[in-house]
Amino acid sequence: TQLLEQSPQFLSIQEGENLTVYCNSSSVFSSLQWYRQEPGEGPVLLVTVVTGGEVKKLKRLTFQFGDARKDSSLHITAAQPGDTGLYLCAGGMDDYKLSFGAGTTVTVRA
Amino acid sequence: DTGVSQDPRHKITKRGQNVTFRCDPISEHNRLYWYRQTLGQGPEFLTYFQNEAQLEKSRLLSDRFSAERPKGSFSTLEIQRTEQGDSAMYLCASSSFNEQYFGPGTRLTVT
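For the protein sequence lines, the chains are A and B, in the order given.
Everything in the first sequence is counted per my numbering, starting at 1 for the first residue and increasing by one.
Everything in the second sequence is counted per my numbering, starting at 1001 for the first residue and increasing by one.
Hints in this document: simulated from the structure, not taken from any laboratory.
Fair warning: this is a prediction, and the values are worked out from it, not measured in the lab.
Mixed in with the good hints, there may be bad ones.
Computed, partial: chain A to chain B, Cβ under 10 Å [to be verified]:
id	residue
1	30
2	35
3	55
4	82
5	85
6	107
7	108
8	109
9	110
Among chain B residues calculated to face chain A with C-beta under 8 Å, some are [said to hold, decoys possible]:
id	residue
10	1048
11	1051
12	1104
13	1105
14	1107
Cβ atoms here follow ideal geometry from the backbone N, Cα and C, with glycine treated the same way.
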């Protein structure tokens, strides 16, 4: 049982379109992290958000942490084939271990 | 520093054999974590070290699993008497604060 629910599970879009991935929980997290994972590789950290309502932008990626620190979203503008991958959100409740969602598989078609 | 490294990247073993995996964390990180990831799921926490002390073990870590981090540097994860259900990607991560950086993982296949 995973504390974080991600939606949608799969997302396939055309290059140049926008997409949003959601991460929801009934638990409050002290921090929330987004990772991208390629097949056969470990997750790569994209961003960490720690403050309720926080918005971070990294080039075409926008991350938002909910006011109550229970949910988050990842928005990609003008998606490119290089954005293809498994996107994972992970919540930190204690000082150490992370609880992950099951992930959203994003496919961007050229 | 080149990041977290794991060895081997792939391991195929027969049921009942023992296997050992190694993780070398980012050098200045004092915290080291092991996770397990199965197909279609996110990583699940197994155990955590702060320096050489193992501070928590998940219920997922049965008696057949043991992890060590001698001298607070590299870590090993050993699985004894492997079972087919142990087939998974075993991930190691390290951190100094709340941001965890993952290695490439070891893919274990038990036949």
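Chain B contact restraint for residue 109 of chain A - C-beta distance below 10 Å: 22 Å, violated
Satisfaction of the residue 107 of chain A interface hint, Cβ to chain B closer than 10 Å: Since the shortest Cβ distance to chain B is 15 Å, the answer is violated.
Closest C-beta approach of residue 1104 of chain B to chain A relative to 8 Å, hint status: 5 Å, holds
Restraint satisfaction for residue 55 of chain A [CB to CB of chain B, less than 10 Å]: Result: violated, 18 Å to nearest chain B Cβ.
Chain B contact restraint for residue 85 of chain A - C-beta distance below 10 Å: Result: violated, 13 Å to nearest chain B Cβ.
Evaluation of the interface hint that places residue 110 of chain A against chain B, nearest CB under 10 Å: Result: violated, 26 Å to nearest chain B Cβ.
Hint check: 10 Å Cβ-Cβ cutoff, residue 108 of chain A to chain B: Hint violated; residue 108 of chain A Cβ to chain B Cβ min 20 Å, cut 10 Å.
Supplied contact hint for residue 30 of chain A, tested at 10 Å Cβ to chain B: At 8 Å from the nearest chain B Cβ, residue 30 of chain A passes the 10 Å test, so the hint holds.
Interface hint status, residue 82 of chain A versus chain B (Cβ within 10 Å): 19 Å, violated
Interface hint outcome for residue 35 of chain A [beta carbon to chain B under 10 Å]: It holds, given that the least Cβ distance between residue 35 of chain A and chain B is near 8 Å, below 10 Å.
Restraint check, 8 Å cut-off on beta carbons, for residue 1107 of chain B near chain A: 7 Å, holds
When the least beta-carbon distance from residue 1105 of chain B to chain A is tested against 8 Å, hint result: 5 Å, holds
Consistency with the previously given hints fails for numbers 3, 4, 5, 6, 7, 8, 9, 11, ordered from lowest to highest.
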